[in-house]
Amino acid sequence: MIDWGPLILTAKLALVTTIILLAISIPLAYWLAFSKSRMKPIVETLVSMPLVLPPTVLGFYLLMAFSPGNSFGAWLQDWFGIRLIFSFSGLVIGSMMYSLPFMVNPIQSGLAGLPNSLAEASYVLGKSKMKTLFSVLLPNIKPSLLTGVVLAFAHTIGEFGVVLMIGGNIPEKTKVVSIAIYDEVEALNYTQANTYSIILFIIAFMVLLSVYMINGGYLKKFWK
Amino acid sequence: MRYRVLSFLKLKFLFSLILLVSVAGCEEEKKNHITIAAAANMQFAIKEISDAFTKQTGISCDVVISSSGKLTAQIKEGAPYDVFVSANMKYPREIFKAGFAVEKPKVYAYGQLVLWSLYEEIDPSIEGLSHENIQSIALPNPKTAPYGHAAIEILKANEVYELVADKLVYGESIAQTNQFITSKSSEIGFTAKSVVMYPNMGNQGHWQALDTTQYKPIEQGVILIKKEDSDIINSTKFYDFLFSEEAQKILEDFGYLLDNRDLNSLR
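Residue numbers (the numbering used here), protein chains in the order written: chain A, 1 to 224; chain B, 1 to 267.
No lab work stands behind these hints, which were simulated from the structure alone.
Using N, Cα and C, we set each Cβ at its ideal position, and we do this for glycine too.
Be aware that a few hints might be false.
Said to hold, decoys possible - According to the in silico footprint, chain A covers these stretches of chain B (three or more CB under 8 Å from chain A):
| # | region |
| --- | --- |
| 1 | 69-78 |
| 2 | 110-116 |
What the hints assert, rightly or not - Listed below are the simulated DSS-like cross-link pairs for lysine-lysine, each with C-alpha atoms no more than 25 Å apart in a straight line:
| # | chain 1 | residue 1 | chain 2 | residue 2 |
| --- | --- | --- | --- | --- |
| 3 | B | Lys167 | A | Lys173 |
| 4 | A | Lys173 | B | Lys184 |
| 5 | A | Lys129 | A | Lys142 |
| 6 | A | Lys12 | B | Lys167 |
| 7 | A | Lys173 | B | Lys55 |
To be verified - Per the computed footprint, the stretches of chain A lying under chain B, defined by three or more beta-carbons under 8 Å from a beta-carbon of chain B, are:
| # | region |
| --- | --- |
| 8 | 14-22 |
| 9 | 186-196 |
| 10 | 201-214 |
One chain only, chain A, in its complex shape (with noise of 0.2 Å):
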């Protein structure tokens, strides 16, 4: 039979991280479209570093960042009492930090590619800055939001590196579906990562296609 925690798990922390992510990477991607900031350039490399290192540097740096053992660790522990090595607040930080790149790059270049006359025109009219993004720029680039929400979450899906070197596979709080397959194929149990596998498969495949029908403009009629 079938053990659904580690799939739950996953959802679970797929859905929180893109959350989260959605509310910061708004402001960020604003920034970045919109900004002439010196910084500018060091903030995108840094956004879009998770994207070229491998997973492994983010964990062994988190595992080192978190362990009650190190400086940052234990501070987080004796003033806040929180211990994010092997919790679910931990994978959350470690997903964030991971699908960033996923999350803001579409929302950056959706906000850049709208023409200047669209927030323009909203100041004209005497809208803030804070409507005009609320009220005029982002419901512009709808399907931008959606490619950065859904790759987001997706990415989170297939994470596993991160976890692996963080999570220390504990069941319903940090054993995700991707390492569920990994434990499952050491201890030879092909049946039991196959059933997951496919699951995966086929929620990675109906999750893209859903993306690509959507900004192809196949589902107009659903999608305004």
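Assemble the complex: chain A is given as a structure, and chain B must be docked to it using the hints.
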């Protein structure tokens, strides 16, 4: 024209020379080289053993370290390993049954379990695990690592399993468990005695060997992987060397027990 022919001949000669050298080079390599797949608990011991083996026979060794489960899966998919030094007998038996081995696996040593902590204030003991100053206990995945399995056995034997169950964090192998312990991510953890017997490791923090009567002996098996004849000669040499006095002495120094009698004498 003549010049051209000459240069062509020269080129041909040069080319065949290169070919010859490279073929000879391959031959040479094939003859004096083996790849050993070793379980993570053997990480340090196998290094010394293979060095001693190379010194004695001139056969160089590549060592691949991973968890026994993963190595087994790789061997079943035809990974180019000559010898598999496992952490248990289950996986070598599995390989033998699947027809990838020359003969039945043999036990080369018995592993011992220890509790190890890098925190100064923690004195490693089974009873102490339920204390509140310990928030996480690292152990290798009991599903795939025999040392993890033994750790669970000993927790249950002492009736503390229920008390500490939500503190357990699982490393994918002994190696990752060591990483959790040495990075101080876990206050304490179960590992192999062979790890703490390695000078660079054991002199950090403190460790405690656990009562061998409270878990089933960790029988560590070795198996020869089927290959073409020429390769088998070298890997057989290593296989025999593992049971030689010299290698067994190294294993003993790393805290392995050499046969069941040792275990019984401890009982």
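Tested hints:
no. : hint                : verdict
1   : 69-78               : holds (count 4)
2   : 110-116             : violated (count 0)
3   : B:Lys167 - A:Lys173 : holds (11 Å)
4   : A:Lys173 - B:Lys184 : holds (20 Å)
5   : A:Lys129 - A:Lys142 : holds (19 Å)
6   : A:Lys12 - B:Lys167  : holds (22 Å)
7   : A:Lys173 - B:Lys55  : violated (48 Å)
8   : 14-22               : violated (count 0)
9   : 186-196             : holds (count 3)
10  : 201-214             : violated (count 0)
In this structure, the earlier hints numbered 2, 7, 8, 10 are contradicted, and the remaining ones agree with it.
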